[in-house]
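Residue numbers (numbering that gives the first Met the number 0), protein chains in the order written: chain A, 0 to 270; chain B, 0 to 191.
One or more of the hints may lead you astray.
[Said to hold, decoys possible] A few chain A residues that face chain B, going by a derived Cβ cut-off under 7 angstroms, partial list only: (1) 148; (2) 215; (3) 245.
[Unchecked claim] Chain B regions said to be covered by chain A (calculated; three or more residues, Cβ under 8 angstroms): (4) 122 to 131; (5) 135 to 147; (6) 155 to 161.
Calculated directly from the structure, the hints in this document are not laboratory data.
Nothing here was measured: the structure is a model prediction, and the numbers come from that model.
Ideal placement from N, C-alpha and C gives every residue a C-beta, glycine not left out.
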Amino acid sequence: MPFSIPQVHAFLNLVREKWGYDFSGYAEASLHRRLRRVAELAHTPSLEKLGKRLQSDPHAFNWFLENFTVNVTEMFRDPEFYACLRKQIFPVLETFPHINIWHAGCSTGEEVYSMAILLQESGLLSRCRIYATDLNPANLEKARAGIVATPMLKEYIQNYRLSGGVEDFTQYYTALYGNAIFQKELREKITFLQHNLVADGVFNEFQLIICRNVFIYFKRNLQEQVLGLFTESLAPLGFLALGTKESILSARIQARFEVASRPMKIYRKKY
Amino acid sequence: MSFSNAAAKMVIMGGSAGSMQPMMLLLSALPATFRAAILLVVHRQRNVHSNLHEILSQHCSTPVREPEDKDPIQAGHIYLAPQNYHLLVETDGNFALEYSEPVCFSRPSIDVTLQGAVWAGVKNLLVVLLSGANTDGAAGIAAVLKAGGQAFIQLPGMAEFPAMPGGALTRNPEASARDIPEISGYLNQFVM
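Okay, chain A solo, but in the shape it has when bound (with noise of 0.2 angstroms):
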């Protein structure tokens, strides 16, 4: 059973005063699916019975936020997008002296690993820090702690090989229990912090942000207010990379920068 837009303004209302997140500027046709879908999970067929459970169950918001955000991800995701870096970009960054990343909307951090690993093999990661945020605390805990599933590797190995990475790809990780655990030296150089892209400021300056497909979820002003946010925390010069079927749509902000790379949706901050 869909939802009426009444209903659903009614849920998100209850979301934004209890909880204090406000999905108002969400994509609709996404939120209502991805709010059907948690009704469904928890056996409730209205989304009024799910706001009292959510109020009842102090576990439950939890529950609910994990459930109702997209926590898909997967490592060297369009490989395409990590040659391109390695390629184009990281010979850019070295000019810096310090590089400051920021991978917002990281999910369970596997976009994340995959870009420390390209640094490392180019020799840049000593000269970064990487902060990469989420709203999601249960998908920061995860990412924190660095850990994918052995079963997943044989895919992910084969995307680092597409991206043009041709190390051995087992230095990376320690593998245990049907584990695989990502290297201390990955792990150190990122900070993984919880922030908010519709309700939080800029935290730093960074010469590289990196954005994939959190933009489908956001409506165009959402958008535009967030990409406000990225065009303030860039380094002047600095990089912007955005899903690979995502683009600038403001011609505000599109008069900020310029395109480094069209078909890999990267952009670059005019001085």
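With chain A's structure known, arrange chain B on it following the hints.
Then chain B, alone, in the frame of chain A:
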């Protein structure tokens, strides 16, 4: 294209293993210009470079494009669901992409696009379901038929992989099972 517009027509064509040949036949037989928006949802490998939209374009007079997030859905155009995303439809007539859990082991999933089009209120909707080795599409066709849309399913006996059309027919016995030339005839009428 706004879905409040009664003239707005949409075709969603789903396929998986064994669907390339019938899909090319259907696309190559389309009239040179037409009034529907045609969405192709095809299961593909995730991170391997694919130029499927270029290959399909060679078989029809209208170029096949992979839409980006928030692109407008335009009548008379053919769109191929991008790899590794679910393809959704917004009520304002734009595409939306979602990078969420696979459905029926598939992303893009045919079910997700069909259910999404029903949610968005697409009224004049025709589904074509082709060969495939899983049962993606069956639940989506149920939703489309319930909302008053039509579905043509490739005759399972004629499909290279009958599981997908067969599964959809088992779930939706009221849907029409046809061979490709017949589907082509209906499709060409519908899109005009």
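| Does the structure break any of the earlier hints, and which numbers would those be? | 1, 4, 5, 6
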